[in-house]
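Trainee: Respectively, the protein sequence lines represent chains A and B. 0 is the number of the first residue of the first sequence in numbering that gives the first Met the number 0; add one for each residue after it. 0 is the number of the first residue of the second sequence in numbering that gives the first Met the number 0; add one for each residue after it.
Source of the hints: derived by calculation from the structure; they are not laboratory data. C-beta atoms are modelled at their ideal positions from N, C-alpha and C, and glycine is treated no differently. There could be a bad hint or two in this list.
Here are the simulated DSSO-like pairs of lysine-lysine, each with C-alpha atoms no more than 27 Å apart in a straight line [as the list claims (entries may be wrong)]:
1) B:202 to B:231
2) A:254 to B:231
3) A:208 to B:406
4) B:445 to B:508
5) B:308 to B:368
6) A:208 to B:436
7) B:406 to B:436
8) A:208 to B:186
9) B:388 to B:426
10) B:270 to A:254
11) B:270 to B:339
12) B:503 to A:254
13) B:295 to B:308
14) B:368 to B:270
15) B:186 to A:254
16) B:426 to B:368
17) B:503 to B:186
18) B:270 to B:334
19) B:186 to B:231
20) B:308 to B:202
21) B:406 to B:426
Residues of chain A clear of chain B, computed beta-carbon distances all greater than 10 Å [what the hints assert, rightly or not]:
22) 7
23) 42
24) 45
25) 103
26) 106
27) 132
28) 164
29) 227
30) 239
31) 245
32) 257
33) 264
34) 271
35) 280
36) 287
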Amino acid sequence: MIFLTLEHILTHICFSVVSIVITIHLMTLLVNEIVGLQNSSERGRIVTLFCITGFLITRWIYSGHFPLSNLYESLIFLSWNFSIINMLPYFKNGKNDLSAITSPSTLFIQGFATSGLLTQIHQPKILVPALQSQWLMMHVSMMVLSYASLLCGSLLSVALLVITFRKRRRVVGKRNHFLNGFFYNIQYKNEREKILIKTSFPSSVNYYKYHLLQQFDYWSYRIISLGFLFLTIGILSGAVWANEAWGSYWSWDPKETWAFITWTIFAVYLHIREKKKSEDVNSAIVASIGFLIIWICYFGINILRIGLHSYGSFPISYN
Amino acid sequence: MEILFKPSLPRITLSLKSQSHLLRSSSHLRTLPFTISCKLGTSQDGNISKKIMLSEVAPPPLSENDSPNREAPAKPPSRRGGAVGLLQRFPRRVLTVLSNLRLAIGEMFTIAALMALGTFIEQGEPLDFYVQKYPEDNPVLGFFTWKWIQILGFDHMFSSPVFLGMLILLATSLMACTYTTQIPIVKVARRWTFLSSSETIRKQEVSDSLPRASVNDLGVILMGAGYEVFVKGPALYAFKGLAGRFAPIGVHFAMLLIMAGGTLSAAGSFKGVVTVPQGLNFVVGDVLGPSGFLSKPTEAFNTEVHVNKFYMDYYDSGEVSQFHTDLSLYDIDGKEVLRKTISVNDPLRYGGITIYQTDWSISALQVLKDGEGPFNLAMAPLQLNGGDKKLYGTFLPVDDPDSSQVKGISMLARDLQSVVLYDQEGKFAGVRRPNSKLPIEIDGKKIEVVDAIGSSGLDLKTDPGVPVVYAGFGALMLTTCISLLSHSQIWALQDGTTVFIGGKTNRAKAEFSSEVNRLLDRVPEIVETSQQGIIQ
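Chain B extracted, bound-state conformation (with noise of 0.2 Å):
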């Protein structure tokens, strides 16, 4: 019978010679002594073989490991009766409808494309303007008007309950596939099962078999290779990169923190802009605003902060390199709590409440004119075309400020390192930098800059989600990395004197393969001389 089918499937002769083991395992294998002892006797050689081929496309054994491609929902939901039934049945109903991967793939299609809609219409711009860019006789893509942006909400797209709702969904769809399909994932990868037939281990996505080896000197090797290795008689169970697994979990439990945090933020936080001249104060609840409903005032909210000093560096050429602002917080009996000078990229920190230097503009020009003085010169904030540069101005009258054409003294200044002063014809008249002591004389008048005042452009802040948000950013990248990990799995079975090797992982296919090659190449080939077992 050996010497029959060696030529072309010598594996089923072994697996001839030991038909008990296999009837101990799959079902599906007990049909196939009976198949191929009938029809020995009559057949011949050509026959028997494309027997042994049909065989082998037999349907794939019921061994553990495929459950996990199965998602979990496959159980028949409980029957009771009636509307009972139905209620107890819908959440399960909800769920897999929920956890099916091509409606999370939708949804993630959805929200990508509702934000670049976002980016391309305008927000939060009065009504007026949509009328106009989007008018009804002239619609974009011959349907799109102003009606369609106010019903949609899309002139504020990023807090429009579409968006919020298909955002609601995605999450909601997360919590529902990792429920159902990632757990099982989990619960089935930690188990270790051995595979006891040679027919299941062959048809793994890499396998192998060594003529002359012993399983447990595979199992010495391997955990040489970092796998952890389980032997049980004749069979041998090894993974490694078990995390690779959970880490897909992680990262949709991580995207779940950051949606809370970013719920929080969004309903609980306090806001504010202020701009303060150098020397003046202001207290920080008055400058705060809710919001959202779970905005809670706080007893730190009664600070009042003293803006001491407001001043800039400069580079070489003259261009602002950073501003700084020399703050002072004084609790609510006046006793100074905290004093930090804050700049860009470097806030406060007090009692939950952020202060951060966003921007800076120039209050007033204090002057002295004809030693009289110093007046405090209000300076505006003047147009100009385009680019981020500033410009002040502001003016000194010389005549009766009461006669129709006032004529006077301008001042621009872009910073506060110096001032341009024009005279009454506008005509440039000189340059002086404040607090230098050198007076200018325009018009017969002597006019001297004592100082520029500027005032400091803040930011206050406070956020109830941002250490969860934090906590969410980690996480996420935590195990995104970790994600990359591939999870392998060997399992071998030695049948006789020849070892069957299979292994799958799920991430570095190729690698796995020359890595599995190189491993095995390593196992040592024992060699019988004389009666002997003699491991080379």
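Chain A with its partners taken away, still in its complex shape (with noise of 0.2 Å):
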């Protein structure tokens, strides 16, 4: 009993933390900068990894084998990995422009995992004898860290379109708080601009946030770049899994094909950035049809597969 009550307070301690540091980052936004938050809500996010971390431990430990059997260890696990993303961009240049996108993405996928819509599968259950394999680590870990990374570069390039398509709207000169995202840097823009807005340089909004779409275009290619090799090898090591468990490395089943259509979007995304004519707005919108791709993959597969004639050997899908 220790380890489900040890459970239920890492969850809830995460998911209070993760809250704490979604609304400093809005209060940034909304009202105003105060500099003296931005060291709690780093040591937030550090808090929160250390929670996921200690509750995917613990059900480790508890239930002896690799916490990722069944959906709800595989949402925690996701929201871990949306974690460690963000805390990717500190070792990089210690600014992190991508907490925006990833704290509330682990808020999310944490609250649903934990919230009464799943709660029959809360309890860490045995694995069936296809599931007994050293491969379970590794291609389903690689599977849900793709998923995390493509995740959050297609939020960013959704971003980037939001941003682009209400500029093209706006008239020059015009400027909105909300225009600029949530980046904690926003005061520090703002000054600019108002220095700039001042000597009558009327293209000084447009350069501003020019220059925040060439990060995002930035920062979304090299996170999907990272999430494309992640979903490579989980593909890959999935279809000798089956190889070594069933005698077939690919059989179409709905949840190996629709992996195959996520791997080919962003293959596709990749592609379009070489033509340099525009790379930045039709890969961003490519990368948008990917998030919807990748929720259909992850979920809609388990939702719709309860109609579908079953596929594959073994009738139980235990993702």
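With the hints as a guide, dock the two chains, each given alone in a separate frame, to form the complex.
Mentor: Next up, the structure:
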């Protein structure tokens, strides 16, 4: 029982801390930037990461197998990956622009997983024979990690599209807080904008929006490239596992097929960037389509599969 | 002249001093000295600076590093006479069309859409199913009826001509693109190109100039940072991460390898499924069926497989944890060649054939009735409402079997652990474990369950394409990993005491510019004190 209570405690701490971090961000965006809170939000993110890690380790010890055997565990794993991606920019250059996307994602995924919709699968279960393999760790963790990175990158592209199309409709010179997004260096940009507008340089706003879009584009490209690598490794390790277990490395199972469709769409994304003309908008559109496709692949198959002809030699769907 | 220009564009001053330098290099800059010297005598400062700005925006130089972005088919096709010429040019035209990136993107989108459709439309069902589900008088989406599905082959989408045709088209596009676009890129990237004009250097994405430095110091710093540096006179060229340029070609080759392996698998493999009760045997060749025209049976097909024992492991909660089959393989002479216990995720491999444990069932119950027997009662699977649990049942008649209403004792088993017995009225009588030697009294009869005999569900397969596909998988993983590396190039030119630096990279652009900044900060500044040059 102690493990279950420990799990409960950890999930609740994590949830509250992430909510606080998001509140800080919103305050920064809407009200005013309070410099003292920057450290707290960073510490909050570290606390979140540790909480979810603790949760996963607890579950691992308690159930005896790697915590990735059903939908609930994979959702928690997904939110763990989001917190890791959250920490990634710190290692690069100390600034963290991604937290605006990864923190709410962590929160929502966790909330959904812990919510009442899925209570029947909260309990750790035993593994069916098909899942008792070393490949489980590698394949499923790579897939969920890739989902996390690709989701993050696609959300950035969606943000890029939103800002681009709002920019086109807006008259030059008008300023809008929300256009600059919810990044914490908004204050700095606002100050510079004020100064430059005073000197009647009308394209200053456009310049800073352009710079922001460049940032979005760049980060989205990097994260999606990384996610694409993970997706490739995940799909291929899944194929090898299937060959070891059932003798067929590809059987056009709906889950496999949708993973391949996701891979194809993001390959299109990477290729569209080769053409220099309007590379960012077109690729952002493709990445936004990719966002929907990842959700269909991850969730939709589990829901729709009930009605579909069961394909593949094992009727048990574990993910 | 210099003092006039200094406030606006000091660099132009320097290039005027070294005009001989410029004359050697690109052609367009030859016009520059003439323009400025003409205008100087007559116009004022404003005009001159505008003039300079115009020449700044002159067409980009014909420098060597522009060619990779152009497609190789910019070469004029060979002009030979008439129809022969057309025939000669046809492959090149086809190649050009096929290696178009937009076509490839369109193909990828189409394949993705077809696959999505293949998951929504049920595959492999008989025709009646589709007639019912997509009727003609009430078409889905207004036009989609079962006739469409039949014509386009969507009921077996993943082997239909439409889908396979798109895959073949994508493969040819891959090959054409690799040949026409990527291989030239590799050729160009491998040539070191020195830029000998500061104009071109300043046009790079990341460019800077160090007023008092030496190009050799820069070379040393770059070497320390992992670049490969080449210095020729005042010019320098350095690059890092060349593998990042090769890797996309590797990715395409790996994909072609996987497709080839997949084709080989589809055309040349053997598959078979068999359920063998414990204690029986079968010959491999009887069970396997070919999948395509390339399938050739081998000597190993004469092997006889004997199922020695089938048993299952259970969790404490009673759920099945793993099932095992002890197999012996005998060759055509009756000699045992292999013995192995297989389980799920642990197949048996022999002579190119792989035997997988995929399923199980209960074949019979051995019972003693009133001390007589043992009788083998075959067990039949029973339908459960959904779920993946199994249930098997059998029936032991206790009356005259020829009477109209036969009554008997029913026995149900979910797995090999325990058997549930019901009496003639169908009332629950008891649970017994096989091999427990504990009889049960039902309706005056003494029943003892001796054994529950399971049967093993085995999948057999031989697949010549697997090594090829695995090689392709490994290559794909590796090359995708490598293609994340960015290929950075840096050019530098020593002009008097100033060094101009320009660089570009194909992936990590933001990190590149900060890295260049950091490296340039470390280049020592040459400070002249009293006629000697002392490097601080």
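Trainee: All the hints need checking, so say for each whether the structure fits it.
Mentor: Hint check results:
no., hint, verdict
1, B:202 to B:231, "21 Å, holds"
2, A:254 to B:231, "57 Å, violated"
3, A:208 to B:406, "85 Å, violated"
4, B:445 to B:508, "84 Å, violated"
5, B:308 to B:368, "25 Å, holds"
6, A:208 to B:436, "83 Å, violated"
7, B:406 to B:436, "25 Å, holds"
8, A:208 to B:186, "39 Å, violated"
9, B:388 to B:426, "23 Å, holds"
10, B:270 to A:254, "23 Å, holds"
11, B:270 to B:339, "21 Å, holds"
12, B:503 to A:254, "41 Å, violated"
13, B:295 to B:308, "31 Å, violated"
14, B:368 to B:270, "42 Å, violated"
15, B:186 to A:254, "41 Å, violated"
16, B:426 to B:368, "19 Å, holds"
17, B:503 to B:186, "18 Å, holds"
18, B:270 to B:334, "25 Å, holds"
19, B:186 to B:231, "21 Å, holds"
20, B:308 to B:202, "76 Å, violated"
21, B:406 to B:426, "13 Å, holds"
22, 7, "23 Å, holds"
23, 42, "26 Å, holds"
24, 45, "24 Å, holds"
25, 103, "24 Å, holds"
26, 106, "28 Å, holds"
27, 132, "4 Å, violated"
28, 164, "22 Å, holds"
29, 227, "7 Å, violated"
30, 239, "7 Å, violated"
31, 245, "6 Å, violated"
32, 257, "7 Å, violated"
33, 264, "6 Å, violated"
34, 271, "7 Å, violated"
35, 280, "15 Å, holds"
36, 287, "14 Å, holds"
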